[in-house]
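Could you build the full structure based on these sequences and the hints that come with them?
There are 4 protein chains.
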Amino acid sequence: VEGFRFSTEIAVRFAETDAQGVAHNAAYLVWFEVARIEYLARFRAGYKGLQADGYEALTTDAHVRYLQPVFFDDRVLIHARCIDIRGARFRYEYVLERDGETVADGSTRHAVVDRVTLKPTRFPGWLAEEIARAEASKD
Amino acid sequence: VEGFRFSTEIAVRFAETDAQGVAHNAAYLVWFEVARIEYLARFRAGYKGLQADGYEALTTDAHVRYLQPVFFDDRVLIHARCIDIRGARFRYEYVLERDGETVADGSTRHAVVDRVTLKPTRFPGWLAEEIARAEASKD
Amino acid sequence: VEGFRFSTEIAVRFAETDAQGVAHNAAYLVWFEVARIEYLARFRAGYKGLQADGYEALTTDAHVRYLQPVFFDDRVLIHARCIDIRGARFRYEYVLERDGETVADGSTRHAVVDRVTLKPTRFPGWLAEEIARAEASKD
Amino acid sequence: VEGFRFSTEIAVRFAETDAQGVAHNAAYLVWFEVARIEYLARFRAGYKGLQADGYEALTTDAHVRYLQPVFFDDRVLIHARCIDIRGARFRYEYVLERDGETVADGSTRHAVVDRVTLKPTRFPGWLAEEIARAEASKD
Chain X
1 VEGFRFSTEI AVRFAETDAQ GVAHNAAYLV WFEVARIEYL ARFRAGYKGL QADGYEALTT
61 DAHVRYLQPV FFDDRVLIHA RCIDIRGARF RYEYVLERDG ETVADGSTRH AVVDRVTLKP
121 TRFPGWLAEE IARAEASKD
Chain R
1 VEGFRFSTEI AVRFAETDAQ GVAHNAAYLV WFEVARIEYL ARFRAGYKGL QADGYEALTT
61 DAHVRYLQPV FFDDRVLIHA RCIDIRGARF RYEYVLERDG ETVADGSTRH AVVDRVTLKP
121 TRFPGWLAEE IARAEASKD
Chain P
1 VEGFRFSTEI AVRFAETDAQ GVAHNAAYLV WFEVARIEYL ARFRAGYKGL QADGYEALTT
61 DAHVRYLQPV FFDDRVLIHA RCIDIRGARF RYEYVLERDG ETVADGSTRH AVVDRVTLKP
121 TRFPGWLAEE IARAEASKD
Chain G
1 VEGFRFSTEI AVRFAETDAQ GVAHNAAYLV WFEVARIEYL ARFRAGYKGL QADGYEALTT
61 DAHVRYLQPV FFDDRVLIHA RCIDIRGARF RYEYVLERDG ETVADGSTRH AVVDRVTLKP
121 TRFPGWLAEE IARAEASKD
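The listed protein sequences derive, respectively, from chains X, R, P and G. To convert, note that position 75 of the first sequence is 75 in our numbering; the numbers rise steadily by one, no gaps. To convert, note that position 76 of the second sequence is 76 in our numbering; the numbers rise steadily by one, no gaps. To convert, note that position 129 of the third sequence is 129 in our numbering; the numbers rise steadily by one, no gaps. To convert, note that position 37 of the fourth sequence is 37 in our numbering; the numbers rise steadily by one, no gaps.
Keep in mind that the hints were calculated from the coordinates and are not lab data. Each hint should be verified, as a subset may be incorrect.
Unchecked claim - Label-pair ranges, simulated between beta-carbon atoms:
hint	chain 1	residue 1	chain 2	residue 2	range
1	G	GLY49	P	ARG89	39 to 49 Å
2	X	ARG86	G	LYS119	55 to 65 Å
3	G	GLU129	R	GLY49	15 to 25 Å
4	G	ASP53	X	ARG133	48 to 58 Å
5	G	PRO120	X	PHE71	23 to 33 Å
6	P	PHE71	G	ALA41	27 to 37 Å
7	R	ALA41	P	PHE6	25 to 35 Å
No residue lacks a Cβ here, since even glycine has one placed at the ideal position from N, Cα and C.
Below is the structure:
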């Protein structure tokens, strides 16, 4: 998918389906999160490293467009990118693809907070730079 | 909350919390669904009645704004309304309130489909009328 | 159900169903937990009160027998009792009933731990007494 | 782990943790299911193939022993084996391992049913044979 340099794949779990026979709408937010964790795992110690450094990221907004139903055991490729890092805030965009077809897309907004006080705190500079570099890289 | 005539209450389950100590962001989409089911339960046989009549409603879009974290065992009042019924499509809006404070809001879009073919089909006329009447009623 | 003095009701959520059209097997453990929380809510400040006092209860064992499938929107009565309180350990038993028919039963084992160190600690004496009194009471 | 010839790995999702900071007890049943699906994927078209052939497997019993807490992003190796195939019934056993330490174990019982009528039906002979062969194989 154009504009995305990172992707990770999930298989739809049986527990994620519902009585309509498709993946439940809430599962997509879990998959977005799985993609964010994998995305960050490329930078130093990933999200666990950020937690160890005293940070936590809260989700402040989520949007999903469900374009095609997704079924048990489908392999879904989640393209993700982190953009718009400003102060404590940042955003992720996602495109979900099955066999080359876009089946959903969406975005989430987040705020970096201090792990103890839960007060907003600046996005770590080194990570912003590494992400900017990764997103700017030629394929 | 102004403009909403229906609400239902949930208690945040321990299973819905995450290691940040707050309700997980995906739980809100489950709560929205609980509110839709309760909303429809006021009209004839509710969602199960619609299924018995051969209908199913797919979720085509979901949006959540997380304004304040919500904790284990919090009582959250979910205000919901069904609006913009057009052809097969309709929309829900939600406001989540804890102790009089708005902690989240959001909306979902849906399409009525034939239960077997999953093809879009017109929103049942009788239900559109009953919802319009309920939403227009004075308190 | 004989031998049970406490029960609470849940409605099966659509999100809890799976592509077999029935409630997913993992949902039962969430319902058991909902029942435990409601069970404890009768004593002082409930589970949140225990947390405030510095306790947490870990689940060390869970067993479920699925006797009849349970469907979307079914009302399920969860009978629960807390038994075998010994040192840091205690056990719950459950019977799930729909329209007077037993649809599942099970049990869970737990250990009281210090909330910070996660080390086992004695079950609070006042609560053991109140539970013993509640379980021994005539209806 | 002795006696197990199959294993698959999961990473604990953030959504699977709870406010105790550990993986929620219900997540283990989802992981057991993930392991069963992977286990069967080695034989012809896996569980989806069984569904295509008109079968469905219901869970009739589940047991989990939680020995050590499991945390966000932990890699957990799930050892699984299918045993005791008799008529429509069969059983799975599981051992969960993190960094060489057993953190949980458990078992589930199942019944093969006709996908439409949900009536018990004999476990497919070819699959019973292939499983017996796989479980009997030298490493």
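Which hints, by number, does the structure contradict?
-> 3
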